[in-house]
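Undergrad: Let the sequences and hints guide you as you build the complete structure.
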Amino acid sequence: MRVESAKISNFRCVIDSGQFEVEPEKTILVGINEAGKTALLKALQHASPTDDTAAIDWLFDAPASMVDDIRRKNLDPGTQAVARVVMRPEPKDLTGLSLPEGSDEIRLVMTAWMNKKRTYSVTGLPAAPTVGDVEKSILRLTGAMNKQSDEEAKQAAKAISDWKDAQASDTAISGEVAAELKMHLDAALPLFAEGSAAETHWDALSATLKGALALDKIGKHLADRMPPFVYYSSYFAVRPRIHLNRLAEREASGEIDLDYDFGNLQLLKFLGFTAKELSDMASEAPEKGHNYDNDVNVQNQYKKELAAHERRVTERKRALQTAGARLTEEIQRVWNDDRLTIRLDVDGQYLQTLVEDELGIPVELDQRSEGFRWLVSFFVVFHAQAKDDLKDAILLLDEPGLSLHALKQQEFRKTVSRLAEGNQILYTTHSPFMVGSDELDLVRIVEMTDRKTGTKVHTRLAVDDPKSIYPLQAALGYDLAQSMFTHQKNLVVEGVTDLLYIEALNAAFGAQDGATLDDGMALVPAGSASKVVYYSTILTSQDLRVAALLDSDAAGDKAADQEALWQLLTSKRILRTGDHVTGVQRAEIEDLLRVSLGLVARDECGWDSVSTIAAHSQRPIMEILADEHTEVSKWKLARAFVRWLATNGADALTADEQESWASLVAAANKSLA
Numbered sequence: 001m002r003v004e005s006a007k008i009s010n011f012r013c014v015i016d017s018g019q020f021e022v023e024p025e026k027t028i029l030v031g032i033n034e035a036g037k038t039a040l041l042k043a044l045q046h047a048s049p050t051d052d053t054a055a056i057d058w059l060f061d062a063p064a065s066m067v068d069d070i071r072r073k074n075l076d077p078g079t080q081a082v083a084r085v086v087m088r089p090e091p092k093d094l095t096g097l098s099l100p101e102g103s104d105e106i107r108l109v110m111t112a113w114m115n116k117k118r119t120y121s122v123t124g125l126p127a128a129p130t131v132g133d134v135e136k137s138i139l140r141l142t143g144a145m146n147k148q149s150d151e152e153a154k155q156a157a158k159a160i161s162d163w164k165d166a167q168a169s170d171t172a173i174s175g176e177v178a179a180e181l182k183m184h185l186d187a188a189l190p191l192f193a194e195g196s197a198a199e200t201h202w203d204a205l206s207a208t209l210k211g212a213l214a215l216d217k218i219g220k221h222l223a224d225r226m227p228p229f230v231y232y233s234s235y236f237a238v239r240p241r242i243h244l245n246r247l248a249e250r251e252a253s254g255e256i257d258l259d260y261d262f263g264n265l266q267l268l269k270f271l272g273f274t275a276k277e278l279s280d281m282a283s284e285a286p287e288k289g290h291n292y293d294n295d296v297n298v299q300n301q302y303k304k305e306l307a308a309h310e311r312r313v314t315e316r317k318r319a320l321q322t323a324g325a326r327l328t329e330e331i332q333r334v335w336n337d338d339r340l341t342i343r344l345d346v347d348g349q350y351l352q353t354l355v356e357d358e359l360g361i362p363v364e365l366d367q368r369s370e371g372f373r374w375l376v377s378f379f380v381v382f383h384a385q386a387k388d389d390l391k392d393a394i395l396l397l398d399e400p401g402l403s404l405h406a407l408k409q410q411e412f413r414k415t416v417s418r419l420a421e422g423n424q425i426l427y428t429t430h431s432p433f434m435v436g437s438d439e440l441d442l443v444r445i446v447e448m449t450d451r452k453t454g455t456k457v458h459t460r461l462a463v464d465d466p467k468s469i470y471p472l473q474a475a476l477g478y479d480l481a482q483s484m485f486t487h488q489k490n491l492v493v494e495g496v497t498d499l500l501y502i503e504a505l506n507a508a509f510g511a512q513d514g515a516t517l518d519d520g521m522a523l524v525p526a527g528s529a530s531k532v533v534y535y536s537t538i539l540t541s542q543d544l545r546v547a548a549l550l551d552s553d554a555a556g557d558k559a560a561d562q563e564a565l566w567q568l569l570t571s572k573r574i575l576r577t578g579d580h581v582t583g584v585q586r587a588e589i590e591d592l593l594r595v596s597l598g599l600v601a602r603d604e605c606g607w608d609s610v611s612t613i614a615a616h617s618q619r620p621i622m623e624i625l626a627d628e629h630t631e632v633s634k635w636k637l638a639r640a641f642v643r644w645l646a647t648n649g650a651d652a653l654t655a656d657e658q659e660s661w662a663s664l665v666a667a668a669n670k671s672l673a
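Residue numbering for the sequence shown follows the UniProt record's numbering, beginning at 1 and increasing consecutively.
Hints were generated in silico from the structure; no laboratory data involved.
The structure displayed is predicted, hence computed values, not measured ones.
Yeah, the Cβ is synthetic: ideal placement off N, Cα and C, and Gly gets one too.
Treat the hints with care, as some may be off.
To be verified - Below 27 Å or equal to it, Euclidean Cα-Cα: the simulated DSSO-like pairs (lysine-lysine) are:
| id | residue 1 | residue 2 |
| --- | --- | --- |
| 1 | K467 | K408 |
| 2 | K7 | K117 |
| 3 | K182 | K147 |
| 4 | K304 | K288 |
| 5 | K572 | K489 |
| 6 | K452 | K73 |
| 7 | K7 | K467 |
| 8 | K217 | K391 |
| 9 | K164 | K182 |
| 10 | K636 | K414 |
| 11 | K147 | K136 |
| 12 | K670 | K531 |
| 13 | K136 | K164 |
| 14 | K92 | K154 |
| 15 | K92 | K288 |
Claimed, not checked - Pairwise CB distance ranges, derived in the manner of DEER restraints:
| id | residue 1 | residue 2 | range |
| --- | --- | --- | --- |
| 16 | D651 | H629 | 26 to 32 Å |
| 17 | S98 | D259 | 44 to 50 Å |
| 18 | H629 | G514 | 29 to 35 Å |
| 19 | A614 | Q512 | 22 to 28 Å |
| 20 | D259 | P190 | 48 to 54 Å |
| 21 | D651 | V363 | 57 to 63 Å |
| 22 | R326 | N74 | 52 to 58 Å |
TA: This is the structure:
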């Protein structure tokens with residue numbers, strides 16, 4: 001089961017985040033410090049908390065503006081939702097269920113409340129019957145029972161009537177309401193004769209109740225399969241030296257300090273031992289005892305105890321070696337240093353985490369950099385919990401890799417992607433190196449413009465605070481700087497949305513052996529049509545081959561008419577979108593895909609202009625959408641199209657759109673041949 005969307009409210013600095021979509025594998029929450037990213041993850045965890053999750057406490061977790069109202073009992077914490085998540089079941093989650101007719105797009109909606117309770121509902125199923133739906137059947141049943149001379153039957157009829165009167169007519173027959181109705185019907189059944197009118201009405205009520213209970217069963221089944229939400233922060237640290245006996249004593253006395261001991265306990269869990277077991281193994285070998293030389297029984301007992309001791313020591317040694325090898329493999333993959341080795345060793349009562357480099361001299365973990373220590377701690381905690389707790393869990397990573405060097409963050413980002421193959425991941429960051437230029441569609445912007453409105457989550461880049469998207473700008477800038485001078489062939493495009501469309505189309509057609517751009521061709525987004533000439537100048541100064549793709553709108557015409565661009569690039573290297581689509585005036589890149597984009601805009605973005613687009617074939621599609629809808633975003637449409645194309649493939653495009661793409665590809669390849 002995976003998170004499809006979420007909404008956080010009434011938690012610390014989050015008043016109402018707004019509902020935001022969550023990607024199936026990895027979602028990146030980007031925002032500046034104090035934007036509320038940690039509060040989002042902490043609240044989200046309460047939708048399906050683990051055993052060690054601190055319970056919600058309104059005194060500390062409610063927004064400051066609400067605390068006094070709750071204290072004065074003017075506000076009921078039980079009415080304040082903290083987290084609402086929509087879960088999309090996978091086929092294995094529905095296995096064994098008898099779904100009623102009419103079931104479609106089933107979703108589990110889990111809500112965590114400020115009073116520590118959780119409730120759930122299921123959408124996509126037929127609506128549960130209400131008390132109003134069965135009111136006539138109840139009246140007929142109680143009427144028939146009241147005609148009987150049996151006083152007990154009349155009392156049962158009154159109990160059913162009183163129960164009905166206490167319910168609102170629109171109350172759904174589910175949960176406790178269904179259980180109460182079942183109790184009353186079970187009590188009434190023995191009180192009337194078989195084949196009587198009362199039994200007929202009872203059967204009708206029972207059939208309705210049976211259907212309601214079947215719906216309840218589906219909801220309970222899905223709720224039971226709700227995966228845990230596991231929160232990680234950079235504060236979970238593995239200590240370089242752990243005194244086993246003292247840790248065992250703290251465990252036995254219940255004096256564990258999770259803030260300090262969490263990493264230590266996870267390291268032991270990773271090894272498969274408790275602190276007491278390792279502490280006992282560290283005890284000295286058995287002594288021979290009195291009369292050893294003369295008593296065969298004493299000799300045999302000593303040999304038996306010595307063999308058991310040696311076996312325990314060997315088992316411990318093998319476990320430590322295996323754990324060290326697993327950690328070494330993970331660390332080397334991210335750290336890019338094959339000479340590093342992680343060793344776990346027991347010296348008396350001390351469990352040590354050691355690092356050995358090319359000199360072959362082991363040093364304790366605390367003598368390495370903070371970033372290296374964090375990385376070791378992360379893998380220890382992850383693998384320890386992955387043994388059981390994290391199967392299919394939703395991982396909430398708070399600022400992962402914050403202390404890593406920029407290049408190490410880039411490598412760790414790949415590790416997060418690898419983990420996301422088995423677990424859905426949401427992570428927060430303000431580092432541009434934790435966001436890949438190919439991951440912009442996975443980004444959700446977190447911002448807080450003022451404390452009164454609180455933290456908001458946006459799926460678009462048009463936010464109120466430009467600082468919120470700085471990591472994305474920096475990520476694009478870094479990627480651009482790295483790629484600008486490494487390719488002999490460079491196609492400069494106007495903006496990032498052009499880049500998204502071309503890369504998505506190239507991948508889709510490439511997967512079906514269709515028309516694609518030549519290998520080694522770099523796409524360089526300039527940021528706007530007016531900046532194309534500057535990027536072209538920089539690239540041509542490095543003796544690289546350059547072509548430019550400009551829209552056929554006013555901005556594109558102005559850029560194409562610049563003398564500096566004509567001097568840099570010959571006419572065959574200045575490509576125009578209007579040359580590859582028929583009949584559209586002022587054509588932009590979106591007009592190469594106008595039919596499919598019209599459907600995507602309607603189905604994915606809620607902008608239905610399909611009929612207008614068809615009727616006005618000469619008008620640019622973005623002009624039509626902007627005229628008919630508010631808050632139209634090129635970025636949002638491009639991202640929606642990328643997802644749609646990845647799901648449906650290039651064959652889903654119209655014949656004209658496929659022809660336009662083939663024409664553009666041929667022109668681009670020819671211009672840079």
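Undergrad: The structure should be examined with respect to each hint, and the outcome stated for every one.
TA: Tested hints:
The straight-line distance between the Cα atoms of K467 and K408 is roughly 24 Å, inside the 27 Å bound, and the hint therefore holds. Between the alpha carbons of K7 and K117 the distance comes to roughly 17 Å, so the proposed pair stays at or under 27 Å and holds. Restraint check for K182 and K147: satisfied, since their Cα atoms lie roughly 22 Å apart, inside the 27 Å limit. Note on K304 and K288: the hinted pairing holds, with a Cα-Cα distance of about 11 Å set against a maximum of 27 Å.
A distance of roughly 15 Å separates the Cα atoms of K572 and K489; the hinted pair therefore holds under the 27 Å criterion. For the hint linking K452 to K73, the alpha-carbon distance of about 22 Å falls within 27 Å, and the restraint holds. Our distance criterion of 27 Å between C-alpha atoms is met by K7 and K467, whose separation comes to about 23 Å. For the hint pairing K217 with K391, the CA-to-CA distance comes to about 24 Å; that is within 27 Å, so the pair holds.
Under the criterion of a C-alpha separation no larger than 27 Å, the hint pairing K164 with K182 is consistent with the structure, at around 13 Å. A distance of roughly 25 Å separates the Cα atoms of K636 and K414; the hinted pair therefore holds under the 27 Å criterion. Proposed proximity of K147 and K136 is supported: the alpha carbons are some 17 Å apart, at most 27 Å. Restraint check: the Cα-Cα separation between K670 and K531 comes to about 23 Å, which is no more than 27 Å; the hinted pair holds.
Our distance criterion of 27 Å between C-alpha atoms is met by K136 and K164, whose separation comes to about 11 Å. Distance check on the hinted pair: K92 and K154 sit about 48 Å apart at the alpha-carbon level, beyond 27 Å; violated. Between K92 and K288 the alpha-carbon distance is near 59 Å, which puts this suggested pair outside the 27 Å criterion. D651 and H629 have their C-beta atoms about 29 Å apart, which keeps the hinted 26 to 32 Å range intact.
Taking 44 to 50 Å as the suggested C-beta distance range, the pair S98 and D259 conforms, at roughly 47 Å. In this structure the supplied range 29 to 35 Å holds for H629 paired with G514, their Cβ-Cβ distance being about 32 Å. One distance hint, 22 to 28 Å for the beta-carbon pair A614 and Q512, holds here, with the actual separation near 27 Å. With their beta carbons about 59 Å apart, D259 and P190 fall outside the hinted range of 48 to 54 Å.
Take D651 and V363: their Cβ atoms lie about 58 Å apart, and the range 57 to 63 Å holds. In this structure the hint that R326 and N74 lie 52 to 58 Å apart at CB holds, the actual value being about 55 Å.
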